[in-house]
Amino acid sequence: MAANFAVLQLSGCAGCEVSLLNATDWIGRRRLDYMPLVLSSEDLPEVDTLLVSGAVRTDEDLYRLRKAAGRAKEVVAVGTCAISGGVANLGDRDEVRALFFAEMERRHVPRILPKLRPVDAVVTPTLYLPGCPPTPELFMAALFEREGFQAGKTVCIECGRTKMRQRPATLQGFQQAVVDPEICLINQGYLCVGSSTRGGCRAPCTRAGHPCVGCRGPSDGFIARSSEEWFQAIQKVFARMTDIPPDDIARAVRSPQLALFVFQFADYAARPRDVGKVL
Amino acid sequence: MGTLTIPLSRIEGHAQVVIAFSGSTVLSAHFQATELRGFEFFVQGAPADQLPVIVPRICGVCSTAHHIAAVKALEHAYGVTPPERAVRIRELMMLGQLIQNQATSVFLFTMPDLPGATGLPSVFHFGAENADLAPKALQVRRAGTDLITGAGGQFIHPVRATVGGVTSGISREVAVALRAQLRDALPLAQELFERYWELFIGLKDRIGTLGDDEPTYYLASVEQGHAYYGDTIRVLAPDGHEDAVFPGCDYRLYLDEVPIETSYADGTLYKGQPMRANSLARLNMLPVLGTPIADEYMARFRAEWGYPAHAILLFDLARGIELVYCLERAIELLDDDLTSDPLRVAHAPRDGEGCGVVEAPRGPLIHHYVIEDGLVRRAKFVIPTQHNVFAIERALMVAARRYITEAGISPELERAVGRVVRAFDPCIACATH
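So the sequences go chain by chain: A and B. For the first sequence, our numbering assigns the number 1 to the initial residue and increments by one for each residue that follows. For the second sequence, our numbering assigns the number 280 to the initial residue and increments by one for each residue that follows.
Note that these hints are calculated values from the structure, not bench results. No experiment lies behind these values; they were computed from the predicted model shown. Heads up, the beta-carbon is just placed ideally off N, CA and C, and yes, glycines get one too. Just to be clear, a hint being listed does not mean it is correct.
Said to hold, decoys possible - To be clear about the criterion: a stretch of chain A counts as covered by chain B if any three or more of its residues have a C-beta under 8 Å from a C-beta of chain B, and this derived list gives those stretches:
| id | region |
| --- | --- |
| 1 | 13-26 |
| 2 | 122-128 |
| 3 | 156-168 |
| 4 | 200-213 |
| 5 | 220-226 |
Said to hold, decoys possible - Quick list of simulated restraints, FRET-style, between CB atoms:
| id | chain 1 | residue 1 | chain 2 | residue 2 | range |
| --- | --- | --- | --- | --- | --- |
| 6 | B | Gly569 | A | Arg167 | 45 to 55 Å |
| 7 | A | Glu147 | B | Ala459 | 53 to 63 Å |
| 8 | A | Ser41 | B | Glu632 | 45 to 55 Å |
| 9 | B | Ala459 | A | Asp25 | 17 to 27 Å |
| 10 | A | Lys277 | B | Ser301 | 45 to 55 Å |
| 11 | B | Asp652 | A | Ile27 | 47 to 57 Å |
| 12 | B | Leu548 | A | Met104 | 12 to 22 Å |
| 13 | A | Ala224 | B | Lys550 | 53 to 63 Å |
| 14 | B | Met280 | A | Ser41 | 43 to 53 Å |
To be verified - Chain A residues, not near chain B, derived (Cβ > 12 Å throughout):
| id | residue |
| --- | --- |
| 15 | Val38 |
| 16 | Glu42 |
| 17 | Asp61 |
| 18 | Phe144 |
| 19 | Arg146 |
| 20 | Glu147 |
| 21 | Gly148 |
| 22 | Gln150 |
| 23 | Lys153 |
| 24 | Asp180 |
| 25 | Asn187 |
Please work from the sequences and hints to get the whole structure.
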């Protein structure tokens with residue numbers, strides 16, 4: 001009998017599940033036994049692989065994760081939210097949390113935990129699938145061919161835009177100017193962090209003309225290091241390629257919205273994560 | 280007094296139904312959304328120009344709709360009008376969004392409810408003689424996600440819409456490949472939908488009802504030939520006449536948002552009454568859709584169930600008709616020039632207020648931002664699923680009364696609850712955001 005698997009969705013957006021549905025080659029090769037998005041079943045059975053997406057935001061998330069992990073031979077943390085808390089991490093900023101608890105008091109629904117947690121704060125995954133969302137290829141690799149899987153190095157390498165000598169002096173917002181289709185986005189003054197973001201996505205955003213926001217987390221070299229080191233590496237790239245005031249870059253990469261992606265893995269340097277576990 | 284808590288599956292996100300009863304009297308039926316991340320709170324203070332990247336993360340199923348609504352809200356605030364060609368590309372993204380969603384809802388979420396005496400757990404459980412169903416359904420769905428990729432950059436959390444237009448066009452080569460893929464998907468979608476329709480009639484004959492069919496208000500932002508790009512919202516009265524037409528930004532004058540004590544999703548009311556959005560609302564507003572094959576289905580649908588049609592399970596068939604329409608419409612639009620300038624107009628960001636509306640799969644989606652010093656001061660997301668919350672609860676009462684009787688609680692109750700909720704295809708990640 002084929003090894004079975006389950007998909008447990010905690011607090012997230014279902015984008016990881018939607019991506020999994022675009023990887024269809026598992027049908028008939030591994031049995032899907034639990035995935036409430038597409039399958040009605042009473043409860044989670046014993047499974048070989050438990051894919052967990054989303055972050056632990058509510059007491060129900062915590063309970064369901066613990067219960068499910070007890071029935072699984074291995075747990076795989078899938079996507080940004082499961083790995084680092086993802087976008088919902090922004091809810092943990094002090095000023096936001098005050099609003100949050102003041103305005104969203106409800107009865108008979110799961111309680112919002114004071115702090116949002118990634119999956120590995122609760123259970124130990126054997127594998128991480130980075131990305132917001134992970135690509136269908138990563139799901140296939142996780143389900144079938146982990147050994148020898150080669151992740152793309154960086155988004156920058158996969159992007160294919162031409163680096164030029166031109167040195168912009170001001171930082172563009174994400175939405176402010178016309179984008180040249182051929183030239184590196186940093187040369188055009190955009191805050192692109194593709195130079196140190198893990199590859200494997202084939203750079204769809206930068207190719208379409210939008211700067212990389214780092215949704216796949218750090219490349220191998222930065223996984224076990226602190227987020228501060230990653231930020232500094234990005235700043236160095238801009239210092240080398242642009243005349244944008246260093247303070248502008250320092251502030252921009254630390255804006256909570258960009259940092260929510262950039263923080264992946266690296267923010268948890270206190271609890272070292274094994275580079276070899278990241279697909 | 281007894282209480283039944285019924286978990287839900289084959290919908291997006293975490294929700295449950297709680298039915299309270301005393302003997303054979305049903306006291307209440309509540310639809311509870313049980314997750315919350317708090318986007319309205321945590322985008323406060325974000326640079327406004329980052330919202331088109333942040334807010335798609337409200338939902339991986341509906342990310343395209345949020346992406347475009349965000350860009351439209353910023354354009355409204357900045358006073359920018361994008362060029363026609365950029366709008367065309369955004370419409371193609373929305374059509375991809377609808378193809379993906381309707382194929383998922385029709386074939387993966389609701390089709391398993393139809394066969395036999397009890398239905399099936401999933402589309403992967405149809406027997407050997409229907410083994411082709413799941414792969415074909417996923418292929419149709421894939422045509423939608425690939426259309427989003429081609430038009431929007433990536434199929435979840437797309438990036439190509441930008442204030443003033445789009446960051447780049449769709450090359451002729453990509454457009455030709457997408458057309459070919461959609462042309463292949465169209466007959467497959469028809470074949471699957473025919474099988475769906477037949478099973479649907481089988482279900483109707485078995486259970487003897489199509490659910491709550493009380494005439495109701497309907498809400499949508501569509502007109503003939505549309506591509507789910509929104510702007511003007513219309514309300515249809517229960518008897519079929521147009522009750523209101525308003526620009527999306529005036530939503531507060533027409534829609535009342537009501538917090539619900541036992542759910543993380545608010546509901547909306549129109550004139551104090553429940554209303555319905557989503558596929559049936561749109562079909563009830565359009566005499567014809569404007570593409571040949573979809574209009575054949577429309578004629579069949581109208582002949583069978585009249586106009587306006589009110590029974591809730593008809594939402595499912597309506598989604599199938601829309602799937603065909605979107606495939607046909609996307610094939611038409613991909614024939615346009617999608618590469619030449621102008622794809623974008625220049626703009627200067629400014630502080631102020633802006634609203635963006637799109638017709639998302641589940642109905643009108645409104646993003647409303649207040650911007651100060653380039654940062655988001657306040658953000659409001661009015662979510663299509665919220666428009667349906669009270670309609671869902673009313674339909675749940677109808678089902679509960681049918682299956683909780685003097686004879687006891689019928690095992691059909693739980694299946695009926697699943698069918699009722701799935702008819703509205705609620706999206707909980709969106710509804711709670």
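Against the structure, the hints come out as follows:
Proximity of the region 13-26 of chain A to chain B, defined as three or more residues with a beta carbon under 8 Å from a beta carbon of that chain, is established by the 10 residues found. Only when three residues or more bring their CB closer than 8 Å to a CB of chain B does the claim for the region 122-128 of chain A stand; here the count is 0, and the claim is violated. A stretch counts as covered by a chain when three or more of its residues have a beta carbon under 8 Å from one of that chain; for the region 156-168 of chain A and chain B the count is 0, and the coverage is violated. With 8 residues having a Cβ less than 8 Å from any Cβ of chain B, the region 200-213 of chain A passes the three-residue criterion, so the hint holds.
Proximity of the region 220-226 of chain A to chain B, defined as three or more residues with a beta carbon under 8 Å from a beta carbon of that chain, is not established by the 0 residues found. Our hint of 45 to 55 Å for Gly569 of chain B and Arg167 of chain A holds, since their Cβ atoms are close to 52 Å apart. Range check, Glu147 of chain A to Ala459 of chain B: about 36 Å between beta-carbon atoms, so the 53 to 63 Å window is missed. Restraint check, Ser41 of chain A to Glu632 of chain B: a C-beta distance of roughly 46 Å satisfies the suggested window 45 to 55 Å.
Remark: the range hint 17 to 27 Å for Ala459 of chain B to Asp25 of chain A is upheld by a beta-carbon distance near 22 Å. With their beta carbons about 54 Å apart, Lys277 of chain A and Ser301 of chain B fall inside the hinted range of 45 to 55 Å. Taken as a hint, the range 47 to 57 Å holds for the pair Asp652 of chain B and Ile27 of chain A, whose Cβ atoms sit roughly 51 Å apart. As the Cβ distance of Leu548 of chain B to Met104 of chain A is approximately 20 Å, the hint placing it in 12 to 22 Å holds.
Taking the beta carbon of each, Ala224 of chain A and Lys550 of chain B are about 59 Å apart, inside 53 to 63 Å as hinted. For the hinted restraint 43 to 53 Å between Met280 of chain B and Ser41 of chain A, the CB-CB distance of approximately 29 Å leaves it violated. Not every Cβ of chain B is farther than 12 Å from the Cβ of Val38 of chain A; the closest lies at roughly 5 Å, contradicting the non-interface assignment. The claim that Glu42 of chain A lies off the interface is violated: its Cβ sits roughly 9 Å from the closest Cβ of chain B, which falls inside the 12 Å cut-off.
Residue-level check failed: Asp61 of chain A sits 8 Å from the nearest beta carbon of chain B, not beyond 12 Å. Distance check for Phe144 of chain A against chain B: the nearest CB is about 18 Å away, which clears 12 Å, and the non-interface claim stands. Distance check on Arg146 of chain A: its Cβ is at least 23 Å (rounded) from any Cβ of chain B, clearing the 12 Å threshold; non-interface status holds. Against chain B, the non-interface label of Glu147 of chain A holds: every CB pair exceeds 12 Å, the least being about 27 Å.
Even its closest Cβ contact with chain B, about 26 Å, leaves Gly148 of chain A beyond 12 Å, as expected for a residue assigned away from the interface. The Cβ of Gln150 of chain A lies farther than 12 Å from every Cβ of chain B, with a closest approach of about 21 Å, so its non-interface assignment holds. Remark: the non-interface label on Lys153 of chain A is consistent with the geometry, its nearest Cβ contact in chain B lying 19 Å away (cut-off 12 Å). Against chain B, the non-interface label of Asp180 of chain A is violated: not every CB pair exceeds 12 Å, the least being about 10 Å.
Here Asn187 of chain A stays apart from chain B, with its beta-carbon at least about 16 Å from theirs, past the 12 Å limit.
The structure fails hints 2, 3, 5, 7, 14, 15, 16, 17, 24 (numbered hints given earlier, in ascending order).
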